[in-house]
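These are the residues of each chain, in order.
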Amino acid sequence: MHEWALAESVAATIRNEMAGHSGATLHAVNLVFGELQNIDRGIFEDGLATMLDDVPHDRDAVRIIVEPVRFRCNVCGHQWGFDQVDGLTDEHREAIHFLPEAAHAFVHCPSCSSADCQVTKGRGITLASIELNEPQPRQEAQ
Amino acid sequence: MSDPRVSIIQHRLQSVTTILAFASGKGGVGKSCCSATAALLLAKAGRKVGLLDLDFHGASAHLILGIDPHLPQEEGGILPFEAAFGLRYMGITPFTGERGVALRGDAVTDAIRELLAVVVWGSLDLLVIDMPPGIGEAILDVSRYVPRVRVALVSSASTLSLRIMERLSEVLNAGRVHPAGCILNMVRDDQTTPTPLPPDRGLTLLGKIPYTPEIEDEIGKPEELVEGRFAAFLAPALEALIATS
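These protein sequences, in sequence, are chains A and B.
Residue numbers for the first sequence follow numbering that gives the first Met the number 0, beginning at 0 and rising by one.
Residue numbers for the second sequence follow numbering that gives the first Met the number 0, beginning at 0 and rising by one.
Worth flagging that the hints you see were computed from the coordinates, not collected in a lab.
Owing to the predicted nature of the structure, the values given are computational and were not obtained by experimental measurement.
No residue lacks a Cβ here, since even glycine has one placed at the ideal position from N, Cα and C.
Misleading hints may appear alongside valid ones.
[Claimed, not checked] Some, not all, of what chain A presents toward chain B, calculated at C-beta under 10 Å: (1) H1; (2) L5; (3) R14; (4) N73; (5) F97; (6) P99; (7) E100; (8) A114; (9) D115; (10) C116; (11) T125; (12) I129.
[Said to hold, decoys possible] Now the stretches of chain B that chain A is said to cover, found in silico as 3 or more residues with beta-carbon under 8 Å: (13) 59 to 73; (14) 98 to 106; (15) 116 to 127.
Take these sequences, add in the hints, and give me the full structure.
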C-alpha cells in the first residue's frame with residue numbers, strides 16, 4: 000500500500016535521528032496527518048511498527064494527530080475547509096490521497112470560483128518531533 | 000516540524016543506475032519530445048527505463064507515449080505505468096487527468112517530493128526526467144534531492160533561447176550540478192548555428208536536431224516515433240550524453 004511508502008519515510012527519518020544518539024531509545028514520534036491526504040492510519044501504523052521492529056521504543060511511541068485541511072483563495076482571500084468542497088468523486092478523492100496536489104485540479108474557491116487556491120493547513124504527513132530516551136550516564140564507583 | 004519524505008528519496012532511487020534530466024531555459028524547444036523519445040529509444044534497445052514527467056503545468060509525456068494513465072496500482076508505494084517497449088512512466092496526469100492544475104511554488108515542491116518519495120521504480124538502468132522550462136522549483140528540487148542527476152539542456156538555435164539556457168547553466172553550476180551538455184533542436188537547414196556557449200563555460204554540444212515537422216504525426220505513436228527522423232538525429236546526441244556519465 001501507498002501508506003507503507005510514507006511509513007518508510009518516517010522510519011528512515013527516525014533511524015537518521017537515532018544514529019546520532021548512541022544507546023538512545025525512541026520515546027515518541029509525533030506525527031501530523033493532513034486531512035487532505037486521508038492516510039489510512041491503521042495501515043500506516045502497521046507498516047511503521049514492522050519497520051521499527053528492531054528499534055527499541057516505548058509503548059505507544061507513535062502519536063498521530065489529524066489536522067483539518069484549510070484552503071485559501073489567492074484571489075479573494077476566502078478560506079474554507081474540506082466540508083465545503085463540492086463535487087469530488089471517489090476517484091478524485093483517491094487521486095488526492097495519492098498526490099494531495101491533485102486537489103488543485105478539482106478544488107475551486109467557493110466564493111469567487113478561482114482555481115488559484117492554496118492549502119494552508121492539513122496537506123499531508125509532517126513529522127512534528129522525535130523524542131528519545133537518552134542513556135543514563137554511568138555512576139562512578141565510590 | 001520536518002518533512003519525512005526527504006529521508007526516503009535517495010533510498011527510492013538507489014536501484015537506478017543513471018538519472019538523466021532534460022531541462023531548458025525557455026519553453027517550446029522540444030524538451031518533452033527529446034526526453035520521451037530518448038526514454039523510448041533506450042527502452043527499445045533493451046534497457047530498463049523509467050520516464051518521470053515533472054512538467055506539471057505542461058504535462059505531455061503521456062501524450063507522446065500514447066497512453067491514457069488512470070489511477071495507479073499500489074504495492075509498497077505507487078507503481079509506474081508500463082508504456083511501449085516496457086518503458087515505465089509516472090507524472091501528475093494519472094492523478095489529475097487532462098485538467099489544468101493551478102500549482103504555485105510550494106505546491107510544486109510538495110508534489111515533486113511526494114512523487115520522488117512514493118513512486119516505486121524498482122531496478123532501472125536509466126531514469127529520464129522531463130523537466131518544466133525555466134529556473135524554478137522543479138530544477139532546483141531535482142538538483143537538491145535527486146542524487147547523481149545528469150542534466151542535458153535543450154534549446155532551439157535562437158539567440159534568445161541560447162541566452163536563457165546559459166543562465167540556467169550558470170545556476171546549475173553554482174549548485175554543483177554541472178550540465179552534461181546541450182542539444183540544439185529545431186535547427187533550420189539554412190540557419191547558421193551560433194556557438195551554444197563560450198568554451199570556457201564547459202558546456203559541450205551533444206547534438207543538433209533539424210526542424211522535423213513530421214514529428215507531429217508521430218505523437219502518440221511510439222513505434223513510429225522511434226523510427227522517425229527526429230529520433231534518428233536524437234540518438235547520437237543521446238549516446239554522447241550517456242557517454243558523459
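The hints, checked one at a time:
A least Cβ separation of about 5 Å between H1 (chain A) and chain B falls short of the 10 Å threshold, and the interface hint therefore holds. Nearest Cβ of chain B to the Cβ of L5 (chain A): about 7 Å, under the 10 Å cut. The hint holds. Proximity of R14 (chain A) to chain B holds as hinted, the smallest CB-CB distance being about 8 Å (cut-off 10 Å). This hint holds: N73 (chain A) has a C-beta 7 Å from the nearest C-beta of chain B, less than the 10 Å allowed.
Of the supplied interface hints, the one on F97 (chain A) holds, with its beta-carbon coming within about 6 Å of a beta-carbon of chain B, less than 10 Å. Annotation: interface hint on P99 (chain A) holds; nearest CB of chain B at approximately 7 Å, less than 10 Å. With its C-beta approaching chain B no nearer than about 4 Å, E100 (chain A) sits inside the 10 Å limit, and its interface hint holds. The closest approach between the C-beta of A114 (chain A) and any C-beta of chain B is roughly 4 Å, which is under the 10 Å cut-off, so the hint is satisfied.
Nearest Cβ of chain B to the Cβ of D115 (chain A): about 5 Å, under the 10 Å cut. The hint holds. A hinted interface residue such as C116 (chain A) counts as satisfied when its beta carbon comes closer than 10 Å to some beta carbon of chain B; here the least separation is about 7 Å, so the hint holds. Hint status for T125 (chain A): holds, given a least beta-carbon distance of 5 Å to chain B, under 10 Å. The criterion of a C-beta within 10 Å of any C-beta in chain B is met by I129 (chain A), whose closest approach is roughly 9 Å, and the hint holds.
Restraint check on the stretch 59 to 73 of chain B versus chain A: 3 residues with Cβ-Cβ distances below 8 Å, three needed, restraint holds. Counting residues of the stretch 98 to 106 of chain B whose CB lies closer than 8 Å to any CB of chain A gives 8, which reaches the minimum of 3, so the coverage claim holds. Interface restraint, the stretch 116 to 127 of chain B with chain A: holds (3 residues with C-beta to C-beta distance below 8 Å; minimum three).
Of the numbered hints stated above, none is contradicted by the structure.
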